[in-house]
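J.: Work out the full structure: start from the sequences and follow the hints.
First to last, the sequence lines map onto chains A and B.
Going by our numbering, the letters in the first sequence line up with residues -1 to 299, in that order.
Going by our numbering, the letters in the second sequence line up with residues 603 to 765, in that order.
All the pointers check out, no bait thrown in.
Computed cross-link-like contacts, DSS-like style, restricted to lysine-lysine with a CA-CA straight-line distance of at most 25 Å:
no. : chain 1 : residue 1 : chain 2 : residue 2
1   : B       : Lys605    : A       : Lys5
2   : A       : Lys115    : A       : Lys144
3   : B       : Lys605    : A       : Lys8
4   : A       : Lys115    : A       : Lys293
5   : A       : Lys293    : A       : Lys94
6   : A       : Lys84     : A       : Lys115
No lab work stands behind these hints: they were computed from the structure.
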Amino acid sequence: MSLDFIKQRKNNFVPLALLAIGLGLLIYNSVVGPGRRVSPLSRAILEVLSYPQALVTNSATAVGDTWHHYIYLRGVESENRYLRDKLDSLMFENRKFREEIARLRMGITGPVWRGAKLLPAKIIALSARNESRVATINRGSDDGIKYGLPVVCGAGTVGKIVGGAGTRSVPPHSAQVLLLIDPRCRVDALMYRLADDNIPNPACPWNPSNWTQTRIRGVTQGDGKRLVLKFVERGSDVQPGDMVVSSGFGGVFPKGLLLGRVSRVGQSEKGLRLMVDATPVVDFNTIEEVQVMIKEGDPIR
Amino acid sequence: MRKHLIFVISTLVLAVLQTTLVPLLLPEWLRPDFLFVVIVLLGLFLQPMTGSIYTFGMGYLQDLLMGTMAGLFIVDRLVIYLAAYWLAGQFYAKSALAQAALVALLSVLDYLLIWLLSAIFSGGDAFSVPLWHLFPRAISNAIMGLALYYPLRILWEGGEREL
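T.: Written as structure tokens, this is what we have:
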């Protein structure tokens, strides 16, 4: 086959060759998984795009802020925001200590994440389409962020850090967060229920000292909006309203992080498992700021 | 050369808007996919060699922005581009209605293709979007196609393809 033959048919060869390369990449990546490093080109593209993304998001937020601060309710909005941020971080701290106390009462020592530090970050972009639930934050490997770190907010668990283009490599000034409701995000979970002799405190419903672990396990997987609990054995005593928290297995999410609340329990005629849906505690449509949990010993710059 | 540079920069600007302003302004079921629309329109203006090179790059960019494994959107977008090219050759695609119909039709194909590819290559974790999103999304893509048609036509005027 001469070069002229190829040149004459470049309009056929080039698309087919590119399609073959694309398919090859796809097959290679699905076989190898996320273990490899991100290519310098991908890293550069993500890095370059993170600046205009941050600029546009900050500008849009600034326009909204201008309205709220100076036209709509001068002063009240900033105070409200400050208090909300403070409440968010205090709620998280509070829950962490209560979980710690509950664990100590049960005689469990050596928590996986004692002394984890929280690094605040701002969401600067969301995934381009809603099939995938990924958010980009304005912190990267230069701030101490690594692949697999859990991301939380005051309400509960947001997701975990992933690398660019499905790899483990985090760009220096931005990072992608795989949200809990993405189908690729799975978390080993336990269910808790309010003990019969306890009255919930409406101000702080999540309190491990008055919630009892039901010993029912499952694995949460996102479906774009909700969490689906898989591998819950048929006949398990799961009820709507039960709290779903991370079990600590798997090594990504420490035990006790709040994931969601059971919203529906279905019993199929034939299956061996229960069909359980949970509503995430975090509102992924309105979330703006998150905190990345960094293990003790890892530097925060 | 200038045309190509303008096109690349415009594509990057659209990608930034897609990931920042669009999620702030529109509900998820109504969000158009700018890069998808541009790729369908490239099928009207460019010959397969140039068009598929651009489509490859834009698919790769989409993979990066979506956090998916590299290749998923490359394959999807190349198939969409080739389908747009072929369909535009079969039907009269100069009228606004025909272009809108082409974008809407290919939106449905894109949805199915992404679902299929992610089911095959993501270890069973198929991306799923509620089926009822399909229609409003196809409509918003079609409207966006009408809006982007003229700037692209001006850019590629006297371009490679005559319909």
